[in-house]
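> As a plain string of letters, each chain reads:
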Amino acid sequence: MSDHNYVPSSKIGKWFNDRLPLLTLADHLKEYPTPKNLNYWWTFGGILTFCLITQIITGIVLGMHYVAHADYAFDSVEHIMRDVNYGWLIRYVHANGASMFFLAVYIHIFRSLYYGSYKSPREVIWIIGMIIYLLMMMTAFMGYVLPWGQMSFWGATVITNLFSAVPFFGEGITNWLWGGYSVDNPTLTRFFSLHYLLPFLILGLVILHIWALHVPGNNNPIGIDLKKPSKDTVPFHPYIVIKDLFALLLFLIVFAFFVFYSPNVLGHSDNYIEANPLVTPAHIVPEWYLLPFYAILRSVPDKLLGVIAMFASIFILVILPWLDTSKIRSAIFRPIYKQLYWILVLDVLILGYMGAMPAEGTYLLIARVATVYYFLHFLVILPFLGKREKTLQVPLSITEPVLGGSPNPQMVKKRERT
Amino acid sequence: MKNIIKLFFLIFLLSSFFTKAYSAGEKLDLLKIDWSFKGYFGKFDRGSLQRGYQVYTEVCASCHSMKYLSYRNLAEEGGPEFTEEQAKAIASNFEVTDGPNNDGEMYTRPAKLSDKFVMPYANVQEAKISNGGAYPPDMSVLVKARSGGADYIYSVLLGYEDPPEGMILDDGVYYNKYMYGNKIKMPKQLYDDLVTYNDGTVATPEQMAKDVVTFMAWSAEPHLEARHKIGFRALIYLIIITILVYFSMKKIWSRIESEV
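Protein chains in written order, with the numbering used here: chain G, 1 to 418; chain X, 1001 to 1260.
It is worth saying that the hints were derived from the structure and are not from the lab.
Treat the hints loosely; a few may be bogus.
Said to hold, decoys possible - Computed list of lysine-lysine pairs in DSS-like fashion (alpha-carbon distance at most 25 Å, straight line):
| # | chain 1 | residue 1 | chain 2 | residue 2 |
| --- | --- | --- | --- | --- |
| 1 | G | K231 | X | K1177 |
| 2 | G | K327 | G | K338 |
| 3 | X | K1032 | X | K1043 |
| 4 | X | K1128 | X | K1088 |
| 5 | X | K1067 | X | K1185 |
| 6 | G | K231 | X | K1250 |
| 7 | G | K338 | G | K390 |
| 8 | G | K228 | X | K1251 |
| 9 | X | K1128 | X | K1032 |
| 10 | G | K30 | X | K1250 |
| 11 | X | K1038 | X | K1229 |
| 12 | X | K1116 | X | K1067 |
| 13 | X | K1251 | G | K30 |
| 14 | X | K1250 | G | K228 |
| 15 | X | K1032 | X | K1183 |
| 16 | X | K1177 | X | K1188 |
| 17 | X | K1067 | X | K1128 |
| 18 | X | K1067 | X | K1088 |
Unchecked claim - Computed footprint of chain X on chain G, listed as stretches where at least three residues anywhere in the stretch have a Cβ under 8 Å from a Cβ of chain X:
| # | segment |
| --- | --- |
| 19 | 77–88 |
| 20 | 233–240 |
| 21 | 272–284 |
Beta carbons: idealized from backbone N, C-alpha and C, even for Gly.
Work the whole structure out from these sequences, hints included.
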């Protein structure tokens, strides 16, 4: 890092910075050398930070009006929708914000898979990211329980019941999670408490995620190591800030479209029916962002093995940096991996679709094939491919593919001036 | 720039894919009418809302509650927009139990604007025993609680038919083309001229169904008009600022030799 010797210009700034180097940090964030060839897939980090903060702020306001009690939760949500000033807006931003958050995180993860951002020296960034993703799923799941509609209740019942598959301790674990012998008021109150807590853990991990990122610096589309700062990099401010802002605004247009014109399309209509332990909905479906894992869970006939498969499907992502043996990061220079990558994307989409369908007949068969392929991709194909694949020639610097190796004199001049 | 268009096209595709996967449950073609509240500028038809309230209160309210509505809502902006006097008059037709008073007694009084809609039954059990074991669902958020929404409820209201040959229905069960499982415990309700509209609209079953479903759609989403209005402004604002930021970005990145 190039900014260790930053000295604030004002006297008071220097006095403060000597005691707590916040200004040094700010300067580092401003000057942070970023590869100049980052494409728009790289803007989702900023978008995700925005999503998290939006969720926290809207969530805190909702928490002021929400009542975490089995008898009043549903009514209090309707109270928010009807009588709280702009309560409908805050709730729809929060509910659709969760979906937008996951949309962005999936793009962020798949960007990392395509460009090999999880590889050395960025394994720790990746692992922290996976922990964030896991916490996000837990938070979202518990958040979906809070309105105490039919899908809330039965979704909670199905997911918490998974733990009953654990041998010997299964029943004990589920009773401990529920705070009783079924999903009931104690479950709701603890889910509310945890739903309030976990986002702040996520926030802390996001800070670590960014910190870990700032040690090796960003990966980039061609996946090579860069000298920093150099003519291959630009300072974070204003170049990346303005680009992230532009992408965020485009994202917000999509977001606003959902919030204002189809706020309930991503939710399930059954969740506007108050929870009733005596009536089971025809199909219990989790939120869309959990569907691929739900499909994996259901495609294994044995309950315990299904649960193991579901957790394994996330865990293998954690150890991915060691499963992928290829030294080349970016898929651009890995012709076979590139194709397998898109097959994996398709595979996950198919799993997601099957997760929404009833687990029977052809649907189940397709889900099983897709599940097997998912594990095959990570556990067999990737380790093998890395050793055998004939990769393309990797350029030495970012400017090389653009300028054909010769430094552009005009550009050098321009950089000197700034 | 080409990339980002591709990217957002992909996001759009992905979200519509999951939306489709999510709502893939419904198969039957519902009766569709041109609801005034659909679309970017959708608004409720005031006349239809007021007539819908009349249908609700004269036909549905004997069995179905609307517990999240208050009488004051009838006079609020974006709703049926009865005048405050009208809403007060409507409220005063209903009796509510209040109290305890200073003698420790509960008493009844005419309803006020601030009161919730009076429920037809004291509790779920009473509702069930009065309706052959079936609980008439609360109608306040029903439009949002059924996939197919307004179209679905409209279709069910008009979907009564003779059962197909060979189908034997129990007492108090009726055949309905659009109902899930085709069996419904609510008998057909809407017949020609069941209500007399003040504004002279002819009360055909289709008209009454349309009016009452419009009323239910408002009750499920009382701030729909504000949402559409704010949404339109928000989108215009976002599009303008996005264009401005785009050109600022181009300007800033023109300092260096690189694509953005």
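> Next, verify each hint and record whether it holds.
Tested hints:
{"no.": "1", "hint": "G:K231 to X:K1177", "verdict": "violated, 70 Å"}
{"no.": "2", "hint": "G:K327 to G:K338", "verdict": "holds, 15 Å"}
{"no.": "3", "hint": "X:K1032 to X:K1043", "verdict": "holds, 17 Å"}
{"no.": "4", "hint": "X:K1128 to X:K1088", "verdict": "violated, 31 Å"}
{"no.": "5", "hint": "X:K1067 to X:K1185", "verdict": "holds, 21 Å"}
{"no.": "6", "hint": "G:K231 to X:K1250", "verdict": "holds, 19 Å"}
{"no.": "7", "hint": "G:K338 to G:K390", "verdict": "holds, 12 Å"}
{"no.": "8", "hint": "G:K228 to X:K1251", "verdict": "holds, 24 Å"}
{"no.": "9", "hint": "X:K1128 to X:K1032", "verdict": "violated, 31 Å"}
{"no.": "10", "hint": "G:K30 to X:K1250", "verdict": "holds, 19 Å"}
{"no.": "11", "hint": "X:K1038 to X:K1229", "verdict": "holds, 13 Å"}
{"no.": "12", "hint": "X:K1116 to X:K1067", "verdict": "holds, 6 Å"}
{"no.": "13", "hint": "X:K1251 to G:K30", "verdict": "holds, 19 Å"}
{"no.": "14", "hint": "X:K1250 to G:K228", "verdict": "holds, 24 Å"}
{"no.": "15", "hint": "X:K1032 to X:K1183", "verdict": "holds, 21 Å"}
{"no.": "16", "hint": "X:K1177 to X:K1188", "verdict": "holds, 12 Å"}
{"no.": "17", "hint": "X:K1067 to X:K1128", "verdict": "holds, 17 Å"}
{"no.": "18", "hint": "X:K1067 to X:K1088", "verdict": "holds, 18 Å"}
{"no.": "19", "hint": "77–88", "verdict": "holds (count 4)"}
{"no.": "20", "hint": "233–240", "verdict": "holds (count 3)"}
{"no.": "21", "hint": "272–284", "verdict": "holds (count 4)"}
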